[in-house]
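Just so you know, the protein sequences line up as chains A and B, in that order.
Quick note, the first sequence lines up with residues 1 to 205 if you use the working numbering.
Quick note, the second sequence lines up with residues 1001 to 1659 if you use the working numbering.
Careful, some of the hints might be misleading.
As the list claims (entries may be wrong) - One side of the interface only, derived from the structure: several residues of chain B facing chain A at Cβ under 7 Å: (1) 1077; (2) 1250; (3) 1270.
Calculated directly from the structure, the hints in this document are not laboratory data.
Using N, Cα and C, we set each Cβ at its ideal position, and we do this for glycine too.
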Amino acid sequence: MSQAWPEMEEQTLPAEFAHEEESIKITGFWMFLVTDVLIFASLFSLYAVYAGRMGGEPNPATFFHLGPALAETLLLLTSSFTVGLAIWFMRRRQVGAMTAWLVATLVLGATFVAIEAREFLGDIQSGYTWHQSAFLSAFFTLVGTHGAHVTFGILMALTLLIQVARRGLTPVTARKLYTFSLYWHFLDVVWIFIYSVVYLGGRLG
Amino acid sequence: MPAFVPYLLHTLFPPTVLRPTEIGADVLIVATGVIIVTVLTRQKKWGWLWREWLTTVDHKRIAVMYLIAAIAMLFRGGVDALMMRTNLALPSVHFISAEEYNEVFTTHGTIMIFFMAMPLIFALFNAVIPLMIGARDVAFPRLNAVSFWLFAFGALLFNISFVVGGSPNAGWTAYPPLTELAFNPGPGENYYFLALFISGIGTTITGINFLVTILRMRAPGMTLMRMPLFAWTTLCTSALILFAFPPLTVALGTSLLDRLFHASFYTLGHGGMPMMYVNLFWLFGHPEVYIVVLPAFGIFSEVVPTFSRKPLFGYTAMVVSVVAIMVLSYGTWVHHFFTMGAGPSVNVFFGLSTMLIAIPTGVKIFNWIFTMWGGRIRLTVPMLYQLAFIPTFVVGGATGVLLATVPVDYQLHNTYFLVAHFHNTLIGGTVFGLLSGLYYWWPKMFGYKLDERQGKWAFWLFFLGFWVTFGPQYLLGLEGMTRRLWTYPLGLGWHALNLISTIGAYGMGAGFVVLVYNVVWSMQHGERDLTGDPWDGRTLEWSLPSPAPEYNFARIPVVTERDAWWAMKARGETTAVRVRPDEISALELPRNSAMPFFLGLGFFVLGFGLTFRWWWIAGLGLAGILGAMLWAGFDYEDRKHVHAEEIRRIEAALGRLEA
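Next up, chain A with everything else stripped away, as it sits in the complex (with noise of 0.2 Å):
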């Protein structure tokens, strides 16, 4: 649907909220947001209940890899940056510059991915498996669950570059576009927690 979009000079809110239809979209994005926060506050949950039930197997210091949890965190900190940045430029209508940093910001949530597929498998592979213990079970999926959000985000970013190449910014690409860096931000926040309490307090606790 083409929608007439203001001229630059015009505005005073910015493009994404520039359309009361979108901007009540983006209101509904914050609220998913609330229920996503409370899936993760409950998964985080049983992980806090059943991490002191760990019964010395497996062992918290060869089984928590700081390395490559602190490897994680930088690129996802960093991929946060980006998407800030593609946001800044879609600001600005510069959809070049828009797509190379969103482009970037997928490489460094897929490296992410990899990274956290790798240690989940070599877990598995040392004999950790989630059937063993409902601290496994509570691990794995906290930490499965934020790499199934940061894989989904990746796929819906693919299918908001494809929308923008076929129809460049309108008012509603960009209204897609701001709320997919909020999911980016979002997951970014989650990810802290799961860095600081699991990999963190896991190590040190």
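Chain A is already provided as a structure; the job is to place chain B on it using the hints.
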């Protein structure tokens, strides 16, 4: 015969679904299906059904579909209840087997909460809220249809368990270890977890939808404190849904991981803790109680002023108490399992927080009574349900305070006293409220009134039947009869009270039959609503014709005070809702979409495949879900243009155009 056929037949139709009641249900389902297909084909209505209903995104039509589904589920849940009461009518009756009794009380509870109360609430939200706040639709019309189809296919998945594979049998709360794979290997509990998971996603989306609709799409001038109370309770209910359903989703999801993929969250071995499931479930479950009762409070807050011809007494106190109930409901979940043994300090905290809720609820009760005080009361059916609600709900609330007293709860936990208590609040509160709202808004939804005389018959049968059923159950609970009991021997002194209770249950069943007759009869003979305002109403939905046109308001009204429509009538400005031809402009309306239907179908196929661990079917369903989501992402034609001329024509036909 290929080798897989016997395996398939045995998996889909094990002996547990070949009992007489199940065979009877099979015959009924097939017969109903044949009749529906024949009628639709004969009348050439398939295209009509698809275009006008299955692909609709119009909130008013989605409301009707929710309503039909909810009434069907009320029938199913009611039959379950009658089967239980028949088995308990006399000592040592073995009308159904113990195994079947387990299944029936499980499906009764699950269906009544998730597939009857919830859709009936959503039917009224959809039918009323956009009209009440002066909006053209909900915030996300296509997602609204997604919500409906996720609910509908979730309900379908749950209901086929009765005749395909076997029903769940661990109670509506599905506690482990009763649901642990090792102890409950059949597909029944998979059905339960998957059906609730799917319909739960739909419910969450509904919560988001109405929250945003009310926060962002009110008519100009309608500040929050000018909103009708029903809009306030919808807002609070939606917020509760937003905060309550994610823990349920996690509880259901992790249980599925245990059952389908051998995780160890709630298993007895491997360090699992069943109590963690119980905590997560009630972290949802207690707010859920208020999710279903707050809308009823909102309905009564509309019905009482209308039929007393007085503004609501203590509007601000009503709003504050609704918000207070919303907040407090998160701090009470442990009262469902005081006997877990969390220790006196924890139990006292949750006992007190539970008792606190009685205060805002009491405020509301008094305010309804003060609204009636000195009013010109009309004893219509909606008002009768309200009058029945007050004493019934007060008893339900008072017994709730009794149960919140921890030492008393230790005595009464899981007895019939508890059963009587929660039916007292759920039927006396939610069901009476929803029936009141149904009679009240029926003319707005369908353009005709339900017959009052028949409605009163249904009311008295239902109301008296209710007390005859549940009054004796308090006494049975005090005498030690536990819930979920299949049968009992003579000599415990329970038989007379049980027989009375069963008679009452059949009275409620008779009330339901009269209600359905009332609907069918009124379709033909009911008084047509030509004014759009049959009750002399107070809020904006009554300023519209019944039923409202697709776009609701040709021109969005401007609100200057509470009870906006009443104020307009009082000032003699009813013509304010009529429009001059030149005031009408073209509109962008949401366009019908088949995506929600196929998304729901994808979830159904996924759920069915996972239930039986047939991974390729599950994969097919997952592909369907992703396909429908891609379709939604690339579909930019979700609005249609309606010309001003067409709106002028419709308004003229409704007689609402200024010359």
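Taking the hints in turn, this is what the structure says about them:
| no. | hint | in the structure |
| --- | --- | --- |
| 1 | 1077 | violated, 28 Å |
| 2 | 1250 | holds, 4 Å |
| 3 | 1270 | holds, 5 Å |
Taken one by one, the earlier hints fail for this structure only at number 1.
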